[in-house]
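**Q** In short: position in the sequence shown from 1, add 1, done, that's the numbering used here.
Bear in mind the hints are in silico, worked out from the structure with no lab data behind them. There could be a bad hint or two in this list.
Unchecked claim - Pairwise CB distance ranges (calculated):
1. Leu-286 to Ser-124: 52 to 60 Å
2. Gly-488 to Ser-218: 23 to 31 Å
3. Tyr-68 to His-464: 38 to 46 Å
What the hints assert, rightly or not - Below 30 Å or equal to it, Euclidean Cα-Cα: the simulated DSS-like pairs (lysine-lysine) are:
4. Lys-65 to Lys-207
5. Lys-101 to Lys-214
6. Lys-207 to Lys-424
7. Lys-207 to Lys-101
8. Lys-109 to Lys-69
9. Lys-354 to Lys-334
10. Lys-424 to Lys-334
11. Lys-214 to Lys-233
12. Lys-146 to Lys-54
13. Lys-65 to Lys-113
14. Lys-360 to Lys-334
15. Lys-69 to Lys-115
16. Lys-146 to Lys-207
17. Lys-424 to Lys-354
18. Lys-101 to Lys-54
19. Lys-445 to Lys-354
20. Lys-214 to Lys-424
21. Lys-360 to Lys-424
Built from N, CA and C at the ideal position, the CB exists for glycine as well.
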Amino acid sequence: MSPPCSITKPSEYGQPVLFSHPHLIQQNEVTPGIQSSDYEQRRRNLMDLLPDKSLAVSVSAPMKYIYKYRQASDFWYLTGFEEPDSAVILEKNSSSRGYKMTLFCSGKDLAKEKWDGASTSLSSAKTLFRADDTMLIDNFGSHLKSLLPTSSHVYVDLPNPIPKAARKKPKSLLKYLAGPSETEHDNLIESISGSMRRPLSPQMGKLRSIKSKAEQSAMRAAADMSARAHAKTMRFAQPGLSEGALAAHFEYLCSLGGAQRLAYVPVVASGPNSLILHYTANNQLIAPDELILMDAGCEYNGYASDITRTFPASGTFSPPQRELYSAVLSAQKQIVTLCSAQHGLSLQELHRKSCVLLKDELNQIGFNLRNEGDLERVLYPHYLSHPIGIGKAAFIRSIKFPLTPPALDLHESAHIDRSAPLKEDMVITIEPGIYVPPTANFPKHFHNIGVRIEDEVLVGAEHPVVLSVSAPKEIVDIEGACQGLLGLEPY
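Please take these sequences and the hints and turn them into a complete structure.
**A** So, in C-alpha cells, the structure goes:
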C-alpha cells in the first residue's frame, strides 16, 4: 500500500492541496471534504463488485475549450484527480490492498505551465492519490495492452460504433490505445476483445447511489447555498426585469457563497414560458401578473444541487395561481413523507402515487380529468424523481471523444433501477409539476400557468431529510420572501 501523503511544494500539484489552499483543504483530504481514505474505500468497494483478474479503466474528461475544467465524474469519484489527459487502471489482485492502482497523467511541463498553471508531477501524483505506480499518459495504451493477456475482464465504458460519416480524426485519449489505423475507435475495439469487455458505468452507478457522510455534508452545503440563493432571488425579482437577470443574480449569489459553478443551465420561465420544461432562453421580460418558475442549482466541491421554486412576480399569488400551486404543493409534501427505506417504495411507485395524488388534487379544483392520458401526457409529462450527486447535466457521448465519458451526468440516473426500493443514504429529487396549456378541455383561469416544486431529499431509515429546506415553499413564506418580510436582503 502506498504511504500516506506528505505535501510540501504547492507548485508540484495541479489542484488545491493543504499547503497551498488551507482554506479549502483540510488534513488528509484529497479534494475539499473528501479524505484519502474515502477514495481508497471507493476503489475497494468497486473491486468487491468485480470478479477476480478484472481491470477497471477510467479516463478523464476532454478539454474542449478554454474554460474552468470539469473532471469526468466516475474518474473523479475513484481518484480525486482534477487534471485533463489522465487515466487510471485498477487491477484486482490478491494483495492486502485488493488491487493495484496505476495513475496516468501529463506530468510536469514548464512551458505549458506558463500558460495553464501548475500540473502534478508523477512523484507527487503517486503520493497524494495513493497510486502504486504513476506513468505518463503517453504510456497508457501500451500499458493497458500489456495487461490484457492476464486479465479475465476489462471494465471500461465504450461507445456504440461510430458511423463512418462521423469519423473525422477525433482527438481524445483513444490515441494512446493503439497506433495508426482506420480510426481510433477501431483500434480500441481491436485492443479489447468483446468477450472480455464489460461496461464500467453500471458498477459505478451502484456505488455512487449511496452517499457517504462526507458526501452528504457536501450535498447539504450545496443545497443550502442554492436554497438561500432561491430565497434572495425571490426578493430580487420584480416585474420589468428580464428572466436572464434573475438567472444572473442566482449565479452571482451562489458564486459569492463559494460554489464553483452552476450545476446546469438555469430555467427561469415566466408566464407561458413555464410550460416549456427545459426553457433556457431566459430572455423574456417579466410581466406583473405572472408566475416565475425557477429551476436552478449550484455545484459545490463536486456535488450538485437541484431545486425548483415557483413564485409570483407581483409578490402575491392570484386566486387561480394560489389554487394550482396549493394542489401541487399538497401532492409534493405527501410524496416527500414516503421517501424512507422503511416505506420500501421505488421511484416508479412514488411516481405512480404522485399521479394519483395530482389527479385527485386537480379534480378538486375543477379540472374534471376523465380522458386517459390528460394528466401524464399533457399536464404532468415528466418523471417525479431522479437521483442526484456528482454533477448534473447531459449524459451524452460525443462522437469526437468516443472513449472519454461525459464530464457531467444526467441526474446520476443512467444506471439506476427505478423499480428497486429506495435505500438509506440515497439522495433524490421530488419534483411534481402541472403545466396547463390554453386548451378548452382545461379550466380557462388556469391557462398558461406552470407550477413545479422540487426538493432534494436524503432518504433516511425511517424518515426523509429535506436538504433544500431553506428555500421557501409554503405560500405564506414565498410571499414573505418576495415582499421582503422575512428579513432577507436581495444581495
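**Q** Next step is simple, just say for each hint if it's right about the structure.
**A** Hints, one by one, checked against the model:
Leu-286 and Ser-124 have their C-beta atoms about 57 Å apart, which keeps the hinted 52 to 60 Å range intact. Between Gly-488 and Ser-218 the C-beta distance comes to about 27 Å, which sits within the given range of 23 to 31 Å. Between Tyr-68 and His-464, the C-beta spacing of about 41 Å keeps the proposed range 38 to 46 Å intact. For the proposed pair Lys-65 and Lys-207, the alpha carbon gap of about 29 Å is at most 30 Å, so the pair holds.
For the suggested pair Lys-101 and Lys-214, the alpha carbons sit about 26 Å apart, so the restraint of at most 30 Å is met. With a CA separation close to 11 Å, the supplied pair Lys-207 and Lys-424 stays within the 30 Å bound. Only pairs whose Cα atoms come within 30 Å are accepted, and Lys-207 paired with Lys-101 is accepted, the gap being roughly 22 Å. With a CA separation close to 20 Å, the supplied pair Lys-109 and Lys-69 stays within the 30 Å bound.
With a CA separation close to 12 Å, the supplied pair Lys-354 and Lys-334 stays within the 30 Å bound. With a CA separation close to 20 Å, the supplied pair Lys-424 and Lys-334 stays within the 30 Å bound. Taking the CA atoms of Lys-214 and Lys-233, the gap is about 29 Å. The hint holds against a cut of 30 Å. Using a Cα cut-off of 30 Å, the hinted pair Lys-146 and Lys-54 holds, with the two alpha carbons roughly 15 Å apart.
For the proposed pair Lys-65 and Lys-113, the alpha carbon gap of about 17 Å is at most 30 Å, so the pair holds. For the given pair, Lys-360 sits about 15 Å from Lys-334 by alpha-carbon distance, which is consistent with the 30 Å threshold. About 17 Å separates the Cα atoms of Lys-69 and Lys-115, which keeps this hinted pair within 30 Å; it holds. Distance check on the hinted pair: Lys-146 and Lys-207 sit about 28 Å apart at the alpha-carbon level, within 30 Å; holds.
For the proposed pair Lys-424 and Lys-354, the alpha carbon gap of about 18 Å is at most 30 Å, so the pair holds. A threshold of 30 Å between alpha carbons decides the hint, and for Lys-101 with Lys-54 the separation of about 11 Å falls inside it, so the pair holds. Pair hint Lys-445 plus Lys-354 holds up; C-alpha atoms about 27 Å apart against a cutoff of 30 Å. Between Lys-214 and Lys-424, the direct Cα distance comes to roughly 15 Å. Compliance with the 30 Å bound is thereby established for this hinted pair.
For a cut-off of 30 Å, the pair hint linking Lys-360 to Lys-424 stands: about 28 Å separates their Cα positions.
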